[in-house]
Amino acid sequence: MSARNVLLQIAQVLTVLIVAPLIQGIIVQFEERVQRAQGPGIFQPYRDLWKLFHKQLVVPQTASWLFWLAPIVAFTCMLTVPILIPVLTNFPLPESDMGDILGGGLILTLGSFMIVLAGLDTSSAYGGIGSSRAVMVSILAEPTLILVFVGITLLAKSMLPFVVNHLLVSSWAVYWSPAHLFLVAAFFILLLVETDRMPIHSSTHIEVYMIEEGRILEYSGPLLALLKWASAMKQFILYTIFCNVLLLPWWLSIQGTAIGAFGAALALIAKFIFVACFVVFVETAQSRLRFYRYQEPLAASFVFAVLAIIGTQLG
Amino acid sequence: MAIQSLSPLASSLFGLLAIASLLLSFVMLGSRWLKNYLYAFAAESWVIAALSAAVGYYSGYSELYLIAALTLLFRGLLLPYLIWRIIQRLAVDREIHVILQPSSSLVVGALFVMFALSVSYRVAAVFHLELTVAVLALTVMLSMKLIGFLMLAVRHEAISQVLGLLVLENGIFLGSQILVPGMPLLIELVILFDLLIVVACFGVLVGYLVTHVGTTSSLELKRLVG
Amino acid sequence: MSLDALILGLALAPLAAVAGCLIVRRPRGVEAINLAASVVSFGCALPLPFLVDDRASLFWNDYIILDRASAWVVLCSAIVYLLASIYAVGYMRLLDEDRRLFRFYALFAGFGMTTLVAPLMNNIGLYWIAIELTTLVSTFLVAFERVAESMEAAWKYIMVVSAGISLALLGTVLFYWGGTFVLGPTYMMSWAALAAAAPKLNPVLTVLAFLLVLVGYGTKVGLAPMHSWLPDAHSESPAPVSAMLSGALLNTAMIGIVRFLGIARAADLGNLPALALVVFGAASLLIGALFIVRQEGIKRLMAYSSIEHMGVVALGFGFGGPLGVAGAFYHMLNHSLNKSLMFFGAGNVMRAYGTKEIAQIAGVGRRFPTSAALWLAGAVAITGAPPFGLFLSEFTIMRAGLRPSFAWAVVVMAILLIVIFVGFLNHFRSMYYGPADGHAAPAAKLTAWCTAPMWLALAPLLILGVWWPAGIWTYLTSIAHTLTPGMP
Numbered sequence: 000m001s002a003r004n005v006l007l008q009i010a011q012v013l014t015v016l017i018v019a020p021l022i023q024g025i026i027v028q029f030e031e032r033v034q035r036a037q038g039p040g041i042f043q044p045y046r047d048l049w050k051l052f053h054k055q056l057v058v059p060q061t062a063s064w065l066f067w068l069a070p071i072v073a074f075t076c077m078l079t080v081p082i083l084i085p086v087l088t089n090f091p092l093p094e095s096d097m098g099d100i101l102g103g104g105l106i107l108t109l110g111s112f113m114i115v116l117a118g119l120d121t122s123s124a125y126g127g128i129g130s131s132r133a134v135m136v137s138i139l140a141e142p143t144l145i146l147v148f149v150g151i152t153l154l155a156k157s158m159l160p161f162v163v164n165h166l167l168v169s170s171w172a173v174y175w176s177p178a179h180l181f182l183v184a185a186f187f188i189l190l191l192v193e194t195d196r197m198p199i200h201s202s203t204h205i206e207v208y209m210i211e212e213g214r215i216l217e218y219s220g221p222l223l224a225l226l227k228w229a230s231a232m233k234q235f236i237l238y239t240i241f242c243n244v245l246l247l248p249w250w251l252s253i254q255g256t257a258i259g260a261f262g263a264a265l266a267l268i269a270k271f272i273f274v275a276c277f278v279v280f281v282e283t284a285q286s287r288l289r290f291y292r293y294q295e296p297l298a299a300s301f302v303f304a305v306l307a308i309i310g311t312q313l314g
Numbered sequence: 000m001a002i003q004s005l006s007p008l009a010s011s012l013f014g015l016l017a018i019a020s021l022l023l024s025f026v027m028l029g030s031r032w033l034k035n036y037l038y039a040f041a042a043e044s045w046v047i048a049a050l051s052a053a054v055g056y057y058s059g060y061s062e063l064y065l066i067a068a069l070t071l072l073f074r075g076l077l078l079p080y081l082i083w084r085i086i087q088r089l090a091v092d093r094e095i096h097v098i099l100q101p102s103s104s105l106v107v108g109a110l111f112v113m114f115a116l117s118v119s120y121r122v123a124a125v126f127h128l129e130l131t132v133a134v135l136a137l138t139v140m141l142s143m144k145l146i147g148f149l150m151l152a153v154r155h156e157a158i159s160q161v162l163g164l165l166v167l168e169n170g171i172f173l174g175s176q177i178l179v180p181g182m183p184l185l186i187e188l189v190i191l192f193d194l195l196i197v198v199a200c201f202g203v204l205v206g207y208l209v210t211h212v213g214t215t216s217s218l219e220l221k222r223l224v225g
Numbered sequence: 000m001s002l003d004a005l006i007l008g009l010a011l012a013p014l015a016a017v018a019g020c021l022i023v024r025r026p027r028g029v030e031a032i033n034l035a036a037s038v039v040s041f042g043c044a045l046p047l048p049f050l051v052d053d054r055a056s057l058f059w060n061d062y063i064i065l066d067r068a069s070a071w072v073v074l075c076s077a078i079v080y081l082l083a084s085i086y087a088v089g090y091m092r093l094l095d096e097d098r099r100l101f102r103f104y105a106l107f108a109g110f111g112m113t114t115l116v117a118p119l120m121n122n123i124g125l126y127w128i129a130i131e132l133t134t135l136v137s138t139f140l141v142a143f144e145r146v147a148e149s150m151e152a153a154w155k156y157i158m159v160v161s162a163g164i165s166l167a168l169l170g171t172v173l174f175y176w177g178g179t180f181v182l183g184p185t186y187m188m189s190w191a192a193l194a195a196a197a198p199k200l201n202p203v204l205t206v207l208a209f210l211l212v213l214v215g216y217g218t219k220v221g222l223a224p225m226h227s228w229l230p231d232a233h234s235e236s237p238a239p240v241s242a243m244l245s246g247a248l249l250n251t252a253m254i255g256i257v258r259f260l261g262i263a264r265a266a267d268l269g270n271l272p273a274l275a276l277v278v279f280g281a282a283s284l285l286i287g288a289l290f291i292v293r294q295e296g297i298k299r300l301m302a303y304s305s306i307e308h309m310g311v312v313a314l315g316f317g318f319g320g321p322l323g324v325a326g327a328f329y330h331m332l333n334h335s336l337n338k339s340l341m342f343f344g345a346g347n348v349m350r351a352y353g354t355k356e357i358a359q360i361a362g363v364g365r366r367f368p369t370s371a372a373l374w375l376a377g378a379v380a381i382t383g384a385p386p387f388g389l390f391l392s393e394f395t396i397m398r399a400g401l402r403p404s405f406a407w408a409v410v411v412m413a414i415l416l417i418v419i420f421v422g423f424l425n426h427f428r429s430m431y432y433g434p435a436d437g438h439a440a441p442a443a444k445l446t447a448w449c450t451a452p453m454w455l456a457l458a459p460l461l462i463l464g465v466w467w468p469a470g471i472w473t474y475l476t477s478i479a480h481t482l483t484p485g486m487p
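As you go down the protein sequences, you meet chains A, B and C in turn. Numbered per numbering that gives the first Met the number 0, the first sequence finishes at 314, counting up by one with no gaps. Numbered per numbering that gives the first Met the number 0, the second sequence finishes at 225, counting up by one with no gaps. Numbered per numbering that gives the first Met the number 0, the third sequence finishes at 487, counting up by one with no gaps.
Think of the hints as simulated: they come from the structure by calculation, not from any bench. Do not take every clue at face value.
So the derived list for chain C, only partly shown, Cβ under 10 Å to chain B, looks like this [stated by the list, open to error]: (1) G124; (2) I128; (3) R145; (4) E148; (5) Y175; (6) G183; (7) P184; (8) P230; (9) S234; (10) F290; (11) R293; (12) G320; (13) L322.
In this text the structure is predicted, and so the values were computed from the model without any measurement. Just so it is clear, CB atoms sit at the ideal spot from N, CA and C, and this is done for glycine as well.
Working from the sequences, and respecting the hints, build out all of it.
Structure (structure tokens):
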């Protein structure tokens with residue numbers, strides 16, 4: 000429990016906190032540019048958060064204590080998960096064995112769950128639709144996510160993300176093995192689904208089509224800022240797990256020096272831009288699926304996860 | 000080439016190609032459009048031809064290069080071209096009445112793969128080959144068989160059924176390349192040509208179906224009962 | 000006359016007929032070419048069982064095997080080919096398809112060749128290819144009449160059978176793989192090599208491979224529950240083709256199962272292979288009985304009877320021992336003769352009355368005295384009544400089954416045979432002695448070409464029923480000894 004490690008741990012959480020809106024901005028800007036529009040600039044989410052923190056808070060009459068609690072819980076959960084995963088360093092920091100991969104997934108789901116409850120809390124129609132749809136998507140996606148975690152565990156014979164990271168860095172054969180490639184594919188599809196991208200997401204802002212945004216329609220002011228920040232951080236965390244644990248496990252700080260940590264943060268942004276390119280490509284190349292066809296990409300993800308698990312059994 | 004003495008690079012190469020072809024058969028299961036189905040089949044045949052060549056390289060049976068070239072030519076190019084011509088002549092693009100949704104077929108296919116894995120593990124265990132590519136070869140062979148039968152069962156378009164039959168044959172070919180590369184050349188050649196004749200016959204029969212029954216969908220073939 | 004000259008004659012005569020039919024397109028010419036080829040084939044096939052001795056003879060780089068089992072099956076196929084060719088001359092004239100007749104005879108001769116050659120294959124891979132070729136050629140024969148029902152039957156036939164025999168291919172590959180652990184990575188895939196290696200083959204793999212082969216070739220034989228193509232294909236094809244399909248093709252697929260059964264017995268897998276065969280046989284009998292009782296079409300009735308008889312043959316081979324195997328082979332010959340007779344009669348009646356439905360046919364005995372009498376005799380024979388050959392073979396099979404492990408199968412067989420007897424002859428009663436009110440009067444006139452083969456089929460059936468020559472008995476029991484080494 001050296002002071003440097005504690006500082007690194009705090010730096011990880013701060014990185015997630017500060018850089019998350021930047022990633023959101025980059026993705027949105029890329030999309031707009033690909034579609035030959037001007038785009039709002041990559042720092043727009045920061046400006047949005049600043050604006051929202053200075054706006055008045057309006058609370059519906061039908062809201063209860065859950066209305067206040069949900070954004071705080073979600074925000075806190077998103078601050079907790081970076082402690083468990085490799086963000087800047089590839090060695091475990093203090094308190095990172097508080098939870099393993101499954102525990103991290105649990106805390107992420109807790110945040111989403113609270114927001115789903117908040118969507119139902121105000122008894123508005125669109126909140127109810129948004130919440131029920133979000134729950135349906137997660138019913139389809141969560142078993143596959145668990146299977147992906149099982150696959151990762153079987154691949155590395157351990158449930159700690161750091162062990163997986165070391166294994167993939169040290170062995171080319173494991174990196175290019177079919178199990179790992181299928182896990183990457185399965186997790187990519189789940190990434191698209193969990194961060195509400197195509198083919199789930201609707202690009203028109205009509206309330207009837209909304210899934211994730213429908214839950215937070217009743218919020219305003221600082222609470223809305225917290226919720227938006229929390230969803231940006233969830234995206235960041237999922238991308239971090241994808242990159243640092245599965246896809247690009249290199250360029251993490253090994254010694255833990257300040258320069259190393261700073262370099263790891265920059266490398267993290269670079270990795271995100273790499274993944275964001277693919278995500279933007281999928282977003283612009285596909286159109287939204289009908290609601291009854293949401294099972295198809297998730298079934299494909301399920302197949303990938305099963306094939307990955309089988310791949311881990313074959314030596 | 001004894002399976003126990005394969006180098007790790009060879010093992011993983013065979014494994015990669017086998018899983019790629021299994022993946023392509025899942026693509027076939029999950030697609031509704033006949034053209035996508037056909038392209039996935041062609042890609043799968045190319046992968047199997049590459050596997051044949053790889054097995055020929057590592058095992059020293061140089062006649063497998065000939066088999067690989069012929070597989071690429073016949074299964075990979077000629078057969079898809081013949082079927083493509085049949086599709087062009089027909090008025091159908093996709094399965095209109097779906098008996099089992101593609102996503103459900105994918106899940107059922109994944110369950111088949113799990114079943115095939117358990118059977119192959121048992122079979123390979125008696126030869127003490129548990130940790131080698133033999134288990135993967137048997138698994139892929141059996142699961143492609145089961146997936147082929149699933150396609151025959153849940154697809155009602157004539158072309159889809161023909162492609163399901165060809166997937167069955169592809170699975171056996173793939174398994175035989177890894178497990179028994181020393182199978183006599185004559186047998187492999189004749190089976191290859193036999194497939195060509197089979198597809199030619201199918202082409203003629205599909206033509207008859209269109210002319211006399213009016214449709215290629217087997218949901219309409221209900222005249223003979225009892 | 001040397002054996003390989005006979006085999007060459009056997010195979011080349013139909014092949015030359017195919018070429019001849021494609022060159023000479025006149026209807027009467029192609030009839031004569033096919034008939035001549037069938038006579039030559041029969042002439043080459045008839046001496047084979049007498050000339051072959053106890054050990055198998057191998058020809059052409061060991062790709063052709065001629066032992067007693069294959070000689071017997073080839074003889075059955077040759078007899079059916081000859082009878083069907085004679086009948087086809089008369090039947091196809093009634094169909095009025097003179098322009099396309101050369102194609103029919105070319106395909107017919109090709110089909111004859113494939114059924115004659117398939118039992119002679121020594122290599123398990125080549126055997127599979129021969130079976131596949133029989134399927135392909137016969138599909139077009141089934142689809143010969145260009146009506147929707149024939150197309151449906153042909154499609155179901157080729158789909159179900161191709162899928163089934165792909166399972167057999169998987170089983171073949173697994174057998175070969177099992178053999179590589181004993182015989183090395185490359186070896187000749189002959190029946191004898193596998194049988195010699197059988198005791199050292201791994202039981203788990205051998206059981207899996209044998210069951211796959213059983214289900215695969217069982218689809219081709221028509222064992223239930225893989226029989227769904229058989230009623231359609233056998234009923235929608237022209238009558239001579241139906242006779243060939245039932246009489247010749249099912250036997251050639253059965254010989255493959257029998258040889259694999261021999262390998263499985265040599266591998267000492269316990270009771271499982273025989274039990275599997277017995278279960279399939281009993282299921283076929285059950286399906287046959289159920290569908291015969293409530294049948295409405297003439298040719299479908301005959302097709303279900305084929306399923307039932309193949310079930311009996313499977314039971315015979317499953318019971319094993321000299322009695323079972325001898326009875327089963329004898330049953331193959333009798334069934335070929337009898338089924339040809341039945342399909343010829345059904346074809347005559349169909350052409351005469353213009354319909355396939357039993358309810359529409361009445362007063363057969365009054366209109367066509369001779370052929371109707373022959374047909375009725377055939378019906379009595381096919382349900383297993385004495386004094387015809389099928390009674391003897393079924394009785395022998397039942398005797399073979401009276402062992403504690405398979406006694407249940409004998410009881411099932413006896414009950415179902417009685418059910419089939421009643422049901423089958425009930426249909427004939429309604430056709431012969433039922434009221435002939437308002438039904439269509441028969442139109443066509445049957446020529447001698449249509450009735451002569453029925454005589455030719457019935458006569459040996461009657462002879463074989465009252466007299467089982469001792470020579471044939473020793474012949475068949477020697478097959479039993481080669482196929483089941485170590486059994487008394």
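Verification of the hints:
This hint holds: G124 of chain C has a C-beta 4 Å from the nearest C-beta of chain B, less than the 10 Å allowed. For I128 of chain C, the shortest C-beta to C-beta distance to chain B is roughly 5 Å, which falls under 10 Å, so the interface hint holds. Taking 10 Å as the C-beta contact cut-off toward chain B, the hint placing R145 of chain C at the interface holds, the least distance being around 6 Å. Proximity of E148 of chain C to chain B holds as hinted, the smallest CB-CB distance being about 5 Å (cut-off 10 Å).
A least Cβ separation of about 5 Å between Y175 of chain C and chain B falls short of the 10 Å threshold, and the interface hint therefore holds. Below 10 Å, beta-carbon pairs count as interface contacts, and G183 of chain C has one with chain B at about 8 Å; its hint therefore holds. Look at P184 of chain C: its Cβ gets to within about 4 Å of chain B, closer than 10 Å, so that hint holds up. The interface hint given for P230 of chain C is met, as the beta carbon of that residue sits about 8 Å from the closest beta carbon of chain B, less than 10 Å.
Taking 10 Å as the C-beta cut-off, the interface hint given for S234 of chain C holds, the closest approach to chain B being about 8 Å. This hint holds: F290 of chain C has a C-beta 7 Å from the nearest C-beta of chain B, less than the 10 Å allowed. This hint holds: R293 of chain C has a C-beta 8 Å from the nearest C-beta of chain B, less than the 10 Å allowed. Among the interface hints, the one on G320 of chain C is violated; its C-beta lies about 30 Å from the nearest C-beta in chain B, farther than the 10 Å criterion.
For L322 of chain C, the interface hint is violated, the least distance from its beta-carbon to any beta-carbon of chain B being 35 Å, above 10 Å.
The earlier numbered hints that this structure contradicts are 12 and 13.
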